[in-house]
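For reference, each letter of the sequence shown is one residue, going -29 to -1, 1 to 206 in mature numbering (1 follows the signal peptide of the UniProt record, and there is no 0).
Take the hints with a grain of salt, since some may be wrong.
[To be verified] Label pairs and their computed distance ranges (CB to CB):
1) D63 with V89: 42 to 48 Å
2) E125 with R40: 19 to 25 Å
3) E66 with C144: 48 to 54 Å
4) I128 with V52: 16 to 22 Å
5) A138 with A88: 55 to 61 Å
6) D63 with I149: 52 to 58 Å
7) L126 with Q13: 33 to 39 Å
8) R92 with L126: 41 to 47 Å
9) G157 with I129: 30 to 36 Å
10) T30 with L135: 51 to 57 Å
11) V52 with L127: 28 to 34 Å
12) L135 with L14: 39 to 45 Å
13) T131 with D65: 33 to 39 Å
[Stated by the list, open to error] Straight-line Cα separation of at most 20 Å, SDA-like style, residue types lysine to any residue; simulated pairs:
14) K151 with V139
15) K151 with I140
16) K151 with L135
These are computed hints drawn from the structure, not numbers from a lab.
All figures in this text were calculated on a predicted structure; none of them were measured in a lab.
For every residue, glycine included, the Cβ atom is placed at its ideal position computed from N, Cα and C.
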Amino acid sequence: MTASPHLEPGLLLLLPLLLACCLTPRTGATVPAAPVNVSVTQLRAHSAMVTWNVPQGDTVIGYAISQQRQDGLMQRSIREVNTSSRWCVLWDLDEDTHYSVQVQSVGPHGDSQPSRAVHFRTLERSDHYPAGVLDHHEPAMEGLGMTPHLQTGELLIITTVLLLWAAVIALFCRQYDIIKDNDSNGTKEKAKRPLVRASSSYYNASAGSSPIYHNGAVRSSRLHRASSSISIIRV
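Please build the complete structure, drawing on both the sequences and the hints.
Next up, the structure:
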């Protein structure tokens, strides 16, 4: 009971040391350096591509991009993790407009400092490629998980047309088979009718002549029996 007042000042002295140890960052838990060689290429009226490099030795798991119009009317932030991409497509830009862009590397323990700002201007529509013509070197929006809407629409149209053609061909083949079966059945019926008439006339003629033959045979047999009986009476 008497020692407790002497321990309290010691605990008060150790408390700042414990807090300092807890707040001290661990060894190696550093953020990556800022990206270098940031540039803007593939300029279009409504899109552009940003590329950069990462210093060697840094552990980078993603990137963060800050996009801003120079007049301050629009700001956009893009963040992508679990990727090793070193480029990104900026979309939905206004034509003939000045922009600035900065890139940050995302590490396991935090983000790097922003890179130097890169300024660029989008093209006018007259300077852009004609509608429906795309540059073969223009990157797809894979880094953003997007696909061009025109390509998807074209695939849907082509698929629909092919299905319609297949349905028309199948219907035509079915109708052709039905017509062919009807023609073959009609030909068979026409071929059977003369044979039936001939056979019936043959049977009628046979039926008409047979009684005469049988009647004659009966009569002759009766006459033969009568003559034989007469000869027996004479004896």
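Q. What hint numbers does the structure not satisfy?
A. 1, 2, 4, 7, 8, 9 and 16
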